[in-house]
Amino acid sequence: MEIASANVICLQVSFCDLQEILPFSSSIGFCKHPLVSSATQRCRLSGEPCRLSVVVKCSLPSDPLLSRISISDTGVGSCLEEFQGLKFSRQSIGDEKWDGMLSVRTTGKCDNEVYHYQLNLKESASARRLTRLPSNPKNGVKFSGTEVILSMFESADALVAEINCFFQKMLMLKIPNVAYELVVERGDAPGSQCEHVFLANESNPLSFSASNLECLKSSIEDYVLKHGYKKEHLKVGSGTAYCTEGHQNTGWMMDTVIAISEISEPISSCFRTSGAKSEVIYFKDFSPCSVSQSSMKALTSIDWRSFGLTLKSIANQGGYAFLEWEGLPPNTRIDIILHSYHKQAVMPSAKQKTQLDRNLIKRAVKLALDDLKEKHAGVLLSAHALKIRSYAPDLAKTIAGLILSSNDSGFQGECFSLIGLQCQGVGGEIVEDCIKKKIISVIEMNDRKSHERSEDVAPFLFEDECLQELDFQEDEYEEGVGFVFLARLYMRFSQLDQLMLKPRILSMGFLESPAWLPIVYWQLEIEHGYSLS
Amino acid sequence: MEGKRSGSQQHCDLLRKIREFTRAIVEELSNGRSPTILIDRFRNYCTNPNANCCCSYDLSYGKEILTFRKESHVHRLDILLRVLLIVQQLLQESRHGSKRDIYYMHPCIFSEQSVVDQAINDICILMQCSRHNLNVVSVGNGLVMGWIRFLEGGRKFDCINCPNMAHPIPVQVEEVKDIVSVARFILIVEKESVFQRLANDQFCNANRCIVITGRGYPDIPTRRFLRLLIEKLCLPAYCLVDCDPYGFDILTTYRFGSLQMAYDAKYLRCPEVRWLGAFPSDSEKYCLPQQCLLPLTGKDKRKTESMLNRCYLQRDVPKWRSELELMLQRGVKFEIEALSVYSLSFLTKEYIPSKIKGGVHI
Numbered sequence: 001m002e003i004a005s006a007n008v009i010c011l012q013v014s015f016c017d018l019q020e021i022l023p024f025s026s027s028i029g030f031c032k033h034p035l036v037s038s039a040t041q042r043c044r045l046s047g048e049p050c051r052l053s054v055v056v057k058c059s060l061p062s063d064p065l066l067s068r069i070s071i072s073d074t075g076v077g078s079c080l081e082e083f084q085g086l087k088f089s090r091q092s093i094g095d096e097k098w099d100g101m102l103s104v105r106t107t108g109k110c111d112n113e114v115y116h117y118q119l120n121l122k123e124s125a126s127a128r129r130l131t132r133l134p135s136n137p138k139n140g141v142k143f144s145g146t147e148v149i150l151s152m153f154e155s156a157d158a159l160v161a162e163i164n165c166f167f168q169k170m171l172m173l174k175i176p177n178v179a180y181e182l183v184v185e186r187g188d189a190p191g192s193q194c195e196h197v198f199l200a201n202e203s204n205p206l207s208f209s210a211s212n213l214e215c216l217k218s219s220i221e222d223y224v225l226k227h228g229y230k231k232e233h234l235k236v237g238s239g240t241a242y243c244t245e246g247h248q249n250t251g252w253m254m255d256t257v258i259a260i261s262e263i264s265e266p267i268s269s270c271f272r273t274s275g276a277k278s279e280v281i282y283f284k285d286f287s288p289c290s291v292s293q294s295s296m297k298a299l300t301s302i303d304w305r306s307f308g309l310t311l312k313s314i315a316n317q318g319g320y321a322f323l324e325w326e327g328l329p330p331n332t333r334i335d336i337i338l339h340s341y342h343k344q345a346v347m348p349s350a351k352q353k354t355q356l357d358r359n360l361i362k363r364a365v366k367l368a369l370d371d372l373k374e375k376h377a378g379v380l381l382s383a384h385a386l387k388i389r390s391y392a393p394d395l396a397k398t399i400a401g402l403i404l405s406s407n408d409s410g411f412q413g414e415c416f417s418l419i420g421l422q423c424q425g426v427g428g429e430i431v432e433d434c435i436k437k438k439i440i441s442v443i444e445m446n447d448r449k450s451h452e453r454s455e456d457v458a459p460f461l462f463e464d465e466c467l468q469e470l471d472f473q474e475d476e477y478e479e480g481v482g483f484v485f486l487a488r489l490y491m492r493f494s495q496l497d498q499l500m501l502k503p504r505i506l507s508m509g510f511l512e513s514p515a516w517l518p519i520v521y522w523q524l525e526i527e528h529g530y531s532l533s
Numbered sequence: 001m002e003g004k005r006s007g008s009q010q011h012c013d014l015l016r017k018i019r020e021f022t023r024a025i026v027e028e029l030s031n032g033r034s035p036t037i038l039i040d041r042f043r044n045y046c047t048n049p050n051a052n053c054c055c056s057y058d059l060s061y062g063k064e065i066l067t068f069r070k071e072s073h074v075h076r077l078d079i080l081l082r083v084l085l086i087v088q089q090l091l092q093e094s095r096h097g098s099k100r101d102i103y104y105m106h107p108c109i110f111s112e113q114s115v116v117d118q119a120i121n122d123i124c125i126l127m128q129c130s131r132h133n134l135n136v137v138s139v140g141n142g143l144v145m146g147w148i149r150f151l152e153g154g155r156k157f158d159c160i161n162c163p164n165m166a167h168p169i170p171v172q173v174e175e176v177k178d179i180v181s182v183a184r185f186i187l188i189v190e191k192e193s194v195f196q197r198l199a200n201d202q203f204c205n206a207n208r209c210i211v212i213t214g215r216g217y218p219d220i221p222t223r224r225f226l227r228l229l230i231e232k233l234c235l236p237a238y239c240l241v242d243c244d245p246y247g248f249d250i251l252t253t254y255r256f257g258s259l260q261m262a263y264d265a266k267y268l269r270c271p272e273v274r275w276l277g278a279f280p281s282d283s284e285k286y287c288l289p290q291q292c293l294l295p296l297t298g299k300d301k302r303k304t305e306s307m308l309n310r311c312y313l314q315r316d317v318p319k320w321r322s323e324l325e326l327m328l329q330r331g332v333k334f335e336i337e338a339l340s341v342y343s344l345s346f347l348t349k350e351y352i353p354s355k356i357k358g359g360v361h362i
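As they're listed, the protein sequences go chains A and B. Residue numbering for the first sequence follows the numbering used here, starting at 1 and increasing by one per position. Residue numbering for the second sequence follows the numbering used here, starting at 1 and increasing by one per position.
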């Protein structure tokens with residue numbers, strides 16, 4: 001299958017370009033219609049190299065707004081139910097632009113002929129009839145594919161712009177076995193045909209067996225390389241969340257890839273203009289999709305602060321979500337791609353209508369952020385951890401001081417050996433630096449762990465800061481310190497409800513005698529593994 | 001936590017503990033774990049209304065856990081380690097430093113004296129020692145006069161030579177030795193003004209005694225010195241405070257120790273101390289005019305109500321508690337000086353001698 005020809009124009013695609021183009025495109029809504037995405041799915045299902053072509057043929061000069069569109073793919077043959085189940089969807093294509101008529105030619109690999117049908121999507125799905133037209137024989141040749149033809153009252157230029165943009169986005173999914181082709185025919189004269197070919201695997205080929213998530217990650221790396229960056233400028237985190245109903249996995253899942261690019265100096269103007277904003281690129285069923293209102297809410301409700309990010313605003317521009325950050329370093333940008341799909345590659349008609357869990361986005365984004373933190377030390381530290389980390393130099397200096405100022409050389413040797421320094425006589429700065437790194441590493445790890453535990457572990461039970469809050473005088477003290485402390489404990493006691501421990505503790509007489517506290521503490525640790533450290 | 005061993009041995013032990021503490025932190029960090037500092041919590045009373053508590057000075061009743069997970073903890077650790085470094089240097093060089101000296105070594109970080117004080121307390125608890133063991137001393141605030149003579153680090157305090165002259169209470173009480181006294185009792189007074197009244201009235205000449213004041217809430221040297229005198233001289237000790245909630249609180253600090261220093265209370269409290277006055281019932285007994293009685297403020301009442309809940313009052317000194325309840329019922333307070341309403345020397349000539357002689361103390 002030849003997918004490139006002499007007059008191919010390969011488009012260099014980047015997210016930057018997309019961010020500039022997308023808000024002003026997709027006014028027609030053609031690409032929002034599932035006709036194109038179902039063609040993509042047929043290609044994916046085939047598992048072989050496939051071509052998805054969209055041919056836009058301009059009509060006669062007398063009627064410049066009538067365009068004939070052919071969507072053809074070399075994927076598996078169409079299951080006709082998918083067309084019967086399709087909705088006309090006025091939301092995607094205007095009523096006045098399309099009469100709803102579709103001409104479908106399709107054949108499976110094992111079929112002997114190419115079937116031809118006609119149907120009108122404007123008829124309700126239940127009353128819709130497929131009109132079978134004469135088939136074409138395949139004469140023993142084994143191939144499969146589908147072509148759908150429709151006519152629209154729309155200028156070819158507008159359609160081409162939209163389809164162009166759509167394919168550029170599709171490339172981000174980097175489906176390894178699909179090449180996209182856009183052909184514009186402006187008449188019968190030689191040279192009036194223009195083709196655009198979009199190759200997903202152009203720069204960094206992936207095997208056909210690559211997972212969808214790997215494809216998304218690879219796509220982000222391509223993007224960085226295309227902008228002249230080196231891989232070390234890029235930090236990528238990814239995660240997949242699964243949608244469940246009760247305890248059942250519905251099969252729906254969401255892949256998320258988040259990329260943070262940091263550079264010492266901006267290279268392109270794109271970075272300067274869009275650094276503080278991130279577009280959330282959203283795919284559903286292997287097609288670009290606009291971000292719904294509930295998804296916007298989900299994005300807003302993510303605890304970005306716990307990752308050191310401050311969300312200034314979130315905007316929905318033409319179905320695309322833009323997150324604006326506050327206090328993001330000037331040469332840092334964040335890109336987010338979300339993709340929800342069913343884990344089994346199913347034909348669109350057979351898909352269940354499932355309301356995607358709003359929390360799915362939250363969970364998927366959090367997983368990707370956690371992954372970023374896990375893989376890249378010091379990245380996305382919470383504001384809380386940053387504050388704690390600011391103590392590291394002072395702590396390191398003091399601990400180094402305690403070691404170095406000791407008059408016990410044996411002790412010094414032990415400490416040096418513990419921190420991995422071979423011999424004595426090393427400079428104070430080296431010791432300090434070494435300890436500082438260890439402190440920072442612990443703080444960063446704590447921050448990662450706190451994310452993991454935050455959802456299922458109650459705060460410490462017996463920590464208490466009342467002493468710190470009191471104004472201590474040398475030998476004076478405020479009456480009621482004991483009350484404050486106990487009150488705190490009683491407050492924390494209420495949290496035990498979550499752990500179903502309250503009845504146990506009540507039976508131990510906790511409330512009657514605070515002297516039981518150490519025992520309660522011990523019991524909790526022994527019986528429930530409830531760590532207080 | 002005060003040990004009986006020699007000073008140099010104690011210093012060695014302390015330095016060893018500090019090294020072990022530091023090593024444990026380094027080891028945790030090297031293993032990629034957050035250091036976990038457990039600090040025992042002590043109290044010298046509870047507020048259990050059943051009065052069947054088993055409060056103990058020796059046992060902690062809980063622990064504070066400091067880790068790298070909370071900013072407030074890390075801040076506290078930062079302070080603690082800074083102070084510990086200073087203490088290590090003091091001990092290694094056998095020098096002493098005051099809490100104020102320590103504060104001024106990092107005033108921006110410590111922000112206020114109480115922060116240093118808390119760190120010192122934490123270190124004492126961690127190292128299981130008393131503050132003076134750390135070679136940290138406070139500027140002495142207490143005064144002493146009367147029939148006593150002693151040496152402090154080679155310096156002679158001869159109060160007997162002039163029994164009505166005030167001397168500062170020595171700061172390094174552990175250095176006090178060769179105590180000689182012919183006194184019959186020790187009188188502790190809350191305020192310096194009363195101390196001066198006694199000095200002016202030649203109280204010690206007329207009554208062979210030792211008079212001590214902590215000038216308000218007593219500091220550690222004052223309490224340790226008092227405890228030392230009671231131990232060495234086996235004399236009765238009477239305490240004279242204002243008849244108000246603060247006077248009462250100061251009285252309990254002498255006898256039971258303070259909550260803040262509860263970890264060391266067993267070495268600082270003086271269970272022998274008896275309350276000489278002024279009792280709330282004294283206003284009637286001595287017919288104090290109404291203008292000498294001040295109404296308790298809201299804060300006074302809250303403090304009094306709160307103090308009434310302390311377990312040791314019910315258990316050890318129920319009569320004190322009854323007087324405190326009376327103060328709350330009457331809703332008035334008065335200063336010791338109010339007893340001078342009829343005669344300037346009433347306090348020294350009548351009130352104190354008659355109470356001691358008649359055993360009117362509780």
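If you are wondering where the hints come from, they were derived from the structure by calculation, not from laboratory data. Idealized CB from N, CA, C, for every residue including glycine. Be a bit skeptical, because a hint or two may be false.
[As the list claims (entries may be wrong)] Within a straight-line C-alpha distance of at most 25 Å, the following computed DSS-like cross-link-like pairs (lysine-lysine) qualify:
(1) A/397 / B/156
(2) B/99 / A/449
(3) A/397 / B/99
(4) A/397 / B/319
(5) B/99 / A/387
[Claimed, not checked] Cβ pair distances, simulated, as ranges:
(6) A/408 / B/71: 55 to 61 Å
(7) A/413 / B/193: 56 to 62 Å
(8) B/329 / A/303: 40 to 46 Å
(9) A/429 / B/12: 57 to 63 Å
(10) B/231 / A/377: 54 to 60 Å
(11) B/72 / A/413: 33 to 39 Å
(12) B/31 / A/326: 34 to 40 Å
(13) A/383 / B/12: 23 to 29 Å
(14) A/374 / B/72: 34 to 40 Å
(15) B/154 / A/429: 40 to 46 Å
(16) A/245 / B/31: 42 to 48 Å
(17) B/71 / A/49: 36 to 42 Å
(18) A/311 / B/24: 40 to 46 Å
Right, here's what the structure says about each hint:
no.	hint	verdict
1	A/397 / B/156	43 Å, violated
2	B/99 / A/449	39 Å, violated
3	A/397 / B/99	22 Å, holds
4	A/397 / B/319	55 Å, violated
5	B/99 / A/387	28 Å, violated
6	A/408 / B/71: 55 to 61 Å	33 Å, violated
7	A/413 / B/193: 56 to 62 Å	59 Å, holds
8	B/329 / A/303: 40 to 46 Å	55 Å, violated
9	A/429 / B/12: 57 to 63 Å	30 Å, violated
10	B/231 / A/377: 54 to 60 Å	59 Å, holds
11	B/72 / A/413: 33 to 39 Å	34 Å, holds
12	B/31 / A/326: 34 to 40 Å	37 Å, holds
13	A/383 / B/12: 23 to 29 Å	45 Å, violated
14	A/374 / B/72: 34 to 40 Å	27 Å, violated
15	B/154 / A/429: 40 to 46 Å	44 Å, holds
16	A/245 / B/31: 42 to 48 Å	43 Å, holds
17	B/71 / A/49: 36 to 42 Å	56 Å, violated
18	A/311 / B/24: 40 to 46 Å	41 Å, holds
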